[in-house]
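Visitor: Chains as they are written, first to last, in UniProt numbering: chain B, 1 to 304; chain Z, 1 to 304; chain H, 1 to 304.
Possibly wrong hints are sitting among the right ones.
Put simply, identical chains are the same to the list, so a pair is met inside one copy or across any two.
Simulated crosslink set (BS3-like; lysine-lysine; CA at most 27 Å straight-line) [as the list claims (entries may be wrong)]: (1) Lys123 with Lys219; (2) Lys175 with Lys63; (3) Lys152 with Lys63; (4) Lys63 with Lys219; (5) Lys162 with Lys152; (6) Lys162 with Lys268; (7) Lys107 with Lys123; (8) Lys123 with Lys175; (9) Lys247 with Lys63.
The set of hints was computed from the structure by calculation and includes no laboratory data.
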Amino acid sequence: MATKLGLTVLDKGSLSAARELEDFPLKLFPEWRLPLSIAVGLTAFFFFYLFIRDVIYAYVEEKTEISYRIMVSLANKVFPIVALIMLSLCYLPGAIAVFFQLYRGTKYRRFPNWLDCWMLCRKQMGLVALGYAFLHAIYTFIIPIRYAFRHKFISEVVDEIKNNNITPFYFDNTKAWGADSFLSLGILGFFLFILLGLTSLPSVGGSLSWREFSFIQSKLGHLTLFICTAHGYIYGWNKFLLPSNYKWYTPPGYMLCLIVPSVVLVLKLLLLLPCVDRTLTRIQQGWERSQPKEEMVEIKATNL
Amino acid sequence: MATKLGLTVLDKGSLSAARELEDFPLKLFPEWRLPLSIAVGLTAFFFFYLFIRDVIYAYVEEKTEISYRIMVSLANKVFPIVALIMLSLCYLPGAIAVFFQLYRGTKYRRFPNWLDCWMLCRKQMGLVALGYAFLHAIYTFIIPIRYAFRHKFISEVVDEIKNNNITPFYFDNTKAWGADSFLSLGILGFFLFILLGLTSLPSVGGSLSWREFSFIQSKLGHLTLFICTAHGYIYGWNKFLLPSNYKWYTPPGYMLCLIVPSVVLVLKLLLLLPCVDRTLTRIQQGWERSQPKEEMVEIKATNL
Amino acid sequence: MATKLGLTVLDKGSLSAARELEDFPLKLFPEWRLPLSIAVGLTAFFFFYLFIRDVIYAYVEEKTEISYRIMVSLANKVFPIVALIMLSLCYLPGAIAVFFQLYRGTKYRRFPNWLDCWMLCRKQMGLVALGYAFLHAIYTFIIPIRYAFRHKFISEVVDEIKNNNITPFYFDNTKAWGADSFLSLGILGFFLFILLGLTSLPSVGGSLSWREFSFIQSKLGHLTLFICTAHGYIYGWNKFLLPSNYKWYTPPGYMLCLIVPSVVLVLKLLLLLPCVDRTLTRIQQGWERSQPKEEMVEIKATNL
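Pulled out of the complex, with its shape left as it was, chain B reads as follows (with noise of 0.2 Å):
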């Protein structure tokens, strides 16, 4: 008896084991699966573009071994780059779908899958963005005490003195001005990226209105975009056209990822133009662009 009961026991167990094992990647954070597989396949393939750009090319070309960049160097162009491809993937949906509205002019269509999946998804993938942008933000404040910063900074100080005999020695204005704008506009941008992701805590959140909480997503979230997108072009300011950027070919990261916030940035533009405004406005209050029995069609589809 006492062994029957044993082996039932041991027999559940280990089916419940087994079922908990097959069920274990099903189960688990379901809706955060899709933002971590993008994030970790962006993370992948920028920092083997950027391995092969910087460290395989500087071997090739120039000889020198610079192998170490891939622990802090790499690793703060990566991060930035994802956080900011991430972020402008969490307000590109919205804007897709604000067109097929105004393509179809009624607002009573049901959107594609996709679209709707990815709709559902972009909080979790602006904390993953805001998780990268995190990290980037410590890799940066850490950059003056590595080994390699200093090393350059006494050689560069070395040549200074070596080469350079009037002193106090040139001051470029400008480069101060870029230099620190680029810098405050990065700033700025992690201040509104860390109020958009305490807003998505559940508590905060849940003391906002429905009006506070999406003018907060939805403009401040822009806004935060928008700056993001500045600190990435600053940075690339006058080497756009630098043909020793284009190693092999290749465009540098910053570049391609500011394509899609760009792209995000110009839909949003197109759309807060007067006409377009209105025309939405009036969609998005019900209006349409007469055709009842469509609408007819989607009531039933949805009521089925």
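Got chain B sorted already, so can you dock chains Z and H onto it with the hints?
Guide: Chains Z and H alone, transformed into the frame defined by chain B:
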């Protein structure tokens, strides 16, 4: 019929849109408007004040063009100033209220309206101050990456080598003590400030008992204010009497921002004196300085 | 009558005040007192230990006065040490509990009281550790702004120029690798640690399923502990056998702080061995090493 319906919908739409536009500034974040307007006002004032003292002054008197400082240096002076003032403004009304009670000798009479409004938006004020403190922290972390910082550093080294021949050159222990305690006071203050902010999260605050919450917000809050004020005092520790600081006979910004916190701390200190404290405890336990008639009136007023 | 009432009120007041004062230390944050007292104890111990090893030693042996290090350098050594030890103390009781189960061959018997108390305050312990880690991070960020750092840097450059004439001077690739991986391990550990802290927020934790929560707290937690311990090992990677490190025959602080984490990780590794794991799974599914009588006794005990 359809057109009519369309029209009605249309009208309703535009009307509601119009109403929305009118209500917009009234409905959005009502309790945040006073703190935010105070913050914007202080920021604008101190920005122009320091802009004139630093940039304009340098341009007029020393003929040097340092406008690039607007982006980081000026911002990193304005943010901590506003943060400290707003933090102290969170604790000033409490002190004022207590003095009202002491003066009237009862706790059964209403405070004037302006004091009520003020006390109601203390939390928002503190969170705005925390945002400014956060920006101050990040602006401080990226100082060593700035072009201007590195330029100044290099010329410092070059001068050192040109003029000074004994190495290692003089290490000022007092300076090291001052700089390090200045930094660590700032860090501790920032850390406590973030703790305060965390306890103001709805979910965290909800999990605390009333006494724990009041303990954190009052004791920890005043400690934070004290540390941050000390941080400010150490910043200007040996510069208070330097005449070169009073450009065009104006005091530097950090002096202005130390006035309110000092007042708040002195008031708090007065309230901790045993004699004052005893009376206060009795009053807050319902004891009154013998004017039942007024109280009756007051109670009637409250009942009406 | 009025006086009598006043007196009663008064007495009640003072009595209640007295009672409050007595209860104060007992009521306030009961579950935080053990972690906080451990933290204070460890901080005090390591502070004096390092104070003697660094400042006193330098003063006695090398006749150099470096007391200014107390503010930042010492703090930035003490904080990470305490943080790492307390983080590992969060995961030690879990391992001990499992070994209790393995040894007794059943999960139906109570753990000793000290283990219960310990396991109940793991969350608070982890949050205190997170606070220390946060302070460690900020103290690290502001290192380059310190007067002492810049002074050391400048004299480094001056020496470089005085003694060394080939430029660019030697770049140590191994050193660069070590320093960079040390930094990025620290950053990743800090990032994961903050994720752990976020999931311990009531509102966030409440939105997770039980399995998700346990997954994060156990898997992610041990990963964090592993990364932070590796961070510590890399810090002292080539200094373990350096005799100059053992001032007055005492080991440096980072060695002491690596003991507990290593023990925890080794225990965890033992539990992941297939044979141990199999028995453990069976036990936690209710199987017992054949002592039903004891169980009966135990169940009775629990029922009473």
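Visitor: State for each hint whether it applies.
Guide: The hints, checked one at a time:
1. Within a single copy, Lys123 and Lys219 get their C-alpha atoms as close as 15 Å, and across copies as close as 24 Å, so both meet the 27 Å cut-off.
2. Taking the shortest Cα distances, Lys175 and Lys63 sit within 27 Å of each other only across copies (20 Å), while inside one copy they are farther apart (30 Å).
3. Only within a single protomer do Lys152 and Lys63 lie at most 27 Å apart by alpha-carbon distance; the minimum there is 18 Å, versus 33 Å between protomers.
4. Taking the closest pair of Cα atoms, Lys63 and Lys219 never come within 27 Å of each other, the shortest separation being 49 Å inside a single copy and 42 Å across copies.
5. Taking the closest pair of Cα atoms, Lys162 and Lys152 come within 27 Å of each other both inside a single copy (15 Å) and across two copies (18 Å).
6. Taking identical chains as interchangeable, the C-alpha atoms of Lys162 and Lys268 are never at most 27 Å apart, the minima being 53 Å within one chain and 57 Å between chains.
7. In this homomeric assembly, Lys107 and Lys123 come within 27 Å of each other (Cα to Cα) only inside a single copy, at 23 Å, whereas the closest approach across copies is 41 Å.
8. Taking CA atoms no more than 27 Å apart as the test, Lys123 paired with Lys175 passes in neither setting, with 37 Å inside one copy and 41 Å between copies.
9. Proximity of Lys247 to Lys63 under the C-alpha cut-off of 27 Å is restricted to the intra-copy arrangement: shortest distance 15 Å within a copy versus 43 Å between copies.
When the structure is compared with the earlier hints, violations turn up for hints 4, 6, 8 and for no others.
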